[in-house]
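> If you read the protein sequences in the order shown, they are chains W and U.
Per the numbering used here, residue 1 is the first one in the first sequence, and the count goes up by one each step.
Per the numbering used here, residue 1 is the first one in the second sequence, and the count goes up by one each step.
For the record, the hints were derived by calculation from the structure and aren't laboratory data.
Do not rely on the hints blindly, as some may be mistaken.
A pair counts as met if it fits within one copy or between any two copies, since identical chains are not told apart.
Simulated pairs of lysine to any residue, SDA-like, Cα-Cα distance not exceeding 25 Å [unchecked claim]:
| no. | residue 1 | residue 2 |
| --- | --- | --- |
| 1 | Lys102 | Gly182 |
| 2 | Lys102 | Arg63 |
| 3 | Lys102 | Ser10 |
| 4 | Lys102 | Glu178 |
| 5 | Lys102 | Asp317 |
| 6 | Lys102 | Trp66 |
| 7 | Lys102 | Gly7 |
| 8 | Lys102 | Val57 |
| 9 | Lys256 | Ile313 |
Protein chains: 2
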Amino acid sequence: MATEAGGRLSELGEFAFLERLRALPSADRDVDLGIGDDCAIVRAGGRRWLLTTDALVEGVHFRWRWDDPAGHGRRAFAVNASDIAAMGGRPRFALLSLVAPKRASVADLHALVRGFATAARGAGCALVGGNLSGGPCWTISATLVGEPCGTALRRSGAHPGDLLFVSGRLGAAAYAREILLGRRPGSGSRTAAFRRPIPRLALGCALARARAATAAIDVSDGLLQDLGHLCRASRVGAIVDADRLPFAPALRALSKRARLRLAFAGGEDYELLFTVPASRARRLPRSPGVRLTPIGTIMPGSAIRVREASGEIRVADTRGFDHFRR
Amino acid sequence: MATEAGGRLSELGEFAFLERLRALPSADRDVDLGIGDDCAIVRAGGRRWLLTTDALVEGVHFRWRWDDPAGHGRRAFAVNASDIAAMGGRPRFALLSLVAPKRASVADLHALVRGFATAARGAGCALVGGNLSGGPCWTISATLVGEPCGTALRRSGAHPGDLLFVSGRLGAAAYAREILLGRRPGSGSRTAAFRRPIPRLALGCALARARAATAAIDVSDGLLQDLGHLCRASRVGAIVDADRLPFAPALRALSKRARLRLAFAGGEDYELLFTVPASRARRLPRSPGVRLTPIGTIMPGSAIRVREASGEIRVADTRGFDHFRR
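Generate coordinates for the entire structure from the input sequences, incorporating the hints supplied.
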């Protein structure tokens, strides 16, 4: 502890920091769930509301030349909306706090805000507040207010024996990021998986309405790391079957090792990872066009294990994307 | 328009940009008031809520060495809470989106968050969400959810003939900032006016409860500039009596010209500027220890004029603090 308290963020990392934030006292009777999940749950006007905030920093989360300004705005909405999806909610109101370099063009700024507002409106969410500051780089920080569809999903309800599902396909966004970073050949449409994430709002809402999932999280930092968050919150472990992972088609030509790395640790997929009692796994609510794949099982204990196709089982490295570590 | 659309932010400025944002379509029936005031007003669960976001960027709004980390956190809460105060509300929930340099110490980060959370709790507001990213400099972006005490105050209700009031005393924060910037001698307690702004929550709440004010705004960018925002929103002009301004005691030794500059254009005061029908000016609700001073009158038209002690009247320069312009 002493070492950590005197340490640098680059050593401690974001998640350890957020873990500590949870220890802050909060005795507000209108706060159902504070820091530590994808959204907070608060009570207001006799109902429950979801609150979440997330930022995209130029040079850390994205580079300006990776997309047109409207695309950056759309993506900022999507990654925030994904946190609402992970709680089984609908986004209703959005606020956008922008930092822009002095050299930024007004046309770019407007396109970015319009991209954000249009994406929000498409999801039934109104951009109601904005703030703009000068600064050394673009920072697109958004806050969303959502309403749960039924009972909000949390990270903390998984039980041993529950099946672990993931929506969609994994790895394409991380693969696209490697192209954008110039680490792989490719361009154009092959980078769309990173540039155009689709928050799983309909699926999250359906799961919450049907009370089908015991726990949920979105895959933003990497499957194993996000599974780690879910398991820690639920005080359980898990075992993931490597050969059941729904790899994105874009990874087809890669080695198995590269595919697994992208799917397990790549992040940016914004798919939902959720747990379901085995008895309910056949009656899951569906979201049109969204594939659901059972990829493992919740276990007692705290270890996250991966079962290889060979049957070999190893303890997983749950480190994924941490802005301060890489 | 063509020039502006192709222009840079450093030429257009933040406020012109925000004016344009207001033009974005918003047809949500749960949005009572969108972008363009101190807070948005939305309907949720049958009640009205206030939403606001504001950011402090290192090197633009503050320098790290100007205060201890807890002080920066406290101030970030205060400047956001001031927007809630200007709408006559109580802050209830807060989210904090932090960008910190990699070199930042974990102890500093914790102290900052604790400073923010403690200030929030002192105002009846719970910190319920947090986000942390790496980046080139500190950026403390907060979002507050508040509830109006009675009918929310807006910038847009002032009428010709209304009296213009300001709370507290003006200029001390801008004077303190000049000390902090090394442009004036002084130190320690003389910089507290900048480092420890006090959001006028009790006053705002009392004004909203009594329906006493026709319009209100907080003085963050400079008295004349903020008065300009209020007048534009209300489609009125105003005349301010320069010799009625409640100068802060710290300005006593300065020339009259310097005092006026700090009070009119300095900003950072976080006092409330509000308008009151003349018939109600004698029955204003009071907030203990907060002086209220009538400093002028709302006029027809759109010009903001200043009446000097000599009786001379001039049209005011309403440019104050704009992050892109200075």
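> Next, verify each hint and record whether it holds.
Verification of the hints:
1. Taking identical chains as interchangeable, the C-alpha atoms of Lys102 and Gly182 lie at most 25 Å apart only when they sit on different chains, with a minimum of 24 Å there against 27 Å within one chain.
2. In this homomeric assembly, Lys102 and Arg63 come within 25 Å of each other (Cα to Cα) both inside a single copy, at 17 Å, and across copies, at 18 Å.
3. In this homomeric assembly, Lys102 and Ser10 come within 25 Å of each other (Cα to Cα) only across copies, at 5 Å, whereas the closest approach inside a single copy is 28 Å.
4. Proximity of Lys102 to Glu178 under the C-alpha cut-off of 25 Å is restricted to the inter-copy arrangement: shortest distance 23 Å between copies versus 29 Å within a copy.
5. When the C-alpha separation of Lys102 and Asp317 is checked against a cutoff of 25 Å, the pair qualifies only between copies, where the shortest distance is 23 Å, while the shortest distance within a copy is 41 Å.
6. In this assembly of identical chains, Lys102 and Trp66 lie within 25 Å of each other by CA distance both inside one copy and across copies; the values are 20 Å within and 23 Å between.
7. In this assembly of identical chains, the alpha carbons of Lys102 and Gly7 lie at most 25 Å apart only when taken from different copies (11 Å versus 33 Å within one copy).
8. In the homo-oligomer, the alpha carbons of Lys102 and Val57 lie at most 25 Å apart both inside one protomer (16 Å) and across protomers (13 Å), since each shortest distance falls under that limit.
9. Taking CA atoms no more than 25 Å apart as the test, Lys256 paired with Ile313 passes inside one copy only; the shortest distance there is 16 Å, against 79 Å between copies.
When the structure is compared with the earlier hints, no violation turns up for any of them.
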